[in-house]
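Following the hints, complete the assembly by docking chain U onto the known chain L.
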Amino acid sequence: GEDVEQSLFLSVREGDSSVINCTYTDSSSTYLYWYKQEPGAGLQLLTYIFSNMDMKQDQRLTVLLNKKDKHLSLRIADTQTGDSAIYFCADGGSGNTGKLIFGQGTTLQVKP
Amino acid sequence: DVKVTQSSRYLVKRTGEKVFLECVQDMDHENMFWYRQDPGLGLRLIYFSYDVKMKEKGDIPEGYSVSREKKERFSLILESASTNQTSMYLCASRSGTTYEQYFGPGTRLTVT
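Those protein sequence lines, which keep their order, are chains L and U.
All residue numbers for the first sequence refer to my numbering, where the first residue is 1 and numbers rise by one.
All residue numbers for the second sequence refer to my numbering, where the first residue is 1001 and numbers rise by one.
Same shape as in the complex, but just chain L (with noise of 0.2 Å):
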């Protein structure tokens, strides 16, 4: 089957970018999402991208796509202690059936 992969750990300073890596598999996916989970909590959307995009902005985050490598990144600006937690990104397929395919999340580690 279909498989989304991320590693497990980050760790980086405040005030540093950080960069969470994602690939999946599934040459046909048209939408790809980034979740986030705090300790204790349920999953928080953050953004998604559609297969005919690039890059996608929204305030401190970024993300990238690079549908010839099948590779999504991540990127949070400026760093804050708030955002601590475990990312996950999620696959959406080719057609809008809603069912997701996750990878293992990465935990990120904001040091003050």
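A portion of the hints provided could be inaccurate.
Have a look at the derived ranges for each label pair, beta carbon to beta carbon [unchecked claim]:
#	chain 1	residue 1	chain 2	residue 2	range
1	L	G95	U	I1060	31 to 37 Å
2	L	S28	U	T1005	31 to 37 Å
3	L	L8	U	F1020	32 to 38 Å
Hints in this document: simulated from the structure, not taken from any laboratory.
All values reported here derive from a predicted model rather than from experimental measurement.
Beta carbons are placed, not taken as given, at the ideal position from N, Cα and C, and that holds for glycine.
Leaving out everything else, chain U in the frame of chain L:
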């Protein structure tokens, strides 16, 4: 704001018990989903429903069933709980015509 609520944040049940996890959304969404989250595995889809009385199996339906009698409510049922069903269970919903999928806060189920 979209609101997805789950009946319990924490639940402890014994092996063999029948367990009901309830999810309610207040946005008149057609689609609802049940995932389980395990460390290092991300989220995996158990069951989903496109509309009232409709249900479809996800990637890991074994040992689970679901019920959707009303549009706003989607229940996950563990017919006979086992220790390997100890996990975090997350419900999600979305409109059938958009791409945003919203999650509840999760229920941490422990089966002893």
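These are the hints, each one checked on the structure:
1. L/G95 - U/I1060: 31 to 37 Å: Distance hint for L/G95, U/I1060 is violated at roughly 21 Å.
2. L/S28 - U/T1005: 31 to 37 Å: At 34 Å between Cβs, range holds.
3. L/L8 - U/F1020: 32 to 38 Å: Check passed, 33 Å falls within 32 to 38 Å.
Of the numbered hints listed earlier, the single one contradicted by the structure is hint 1.
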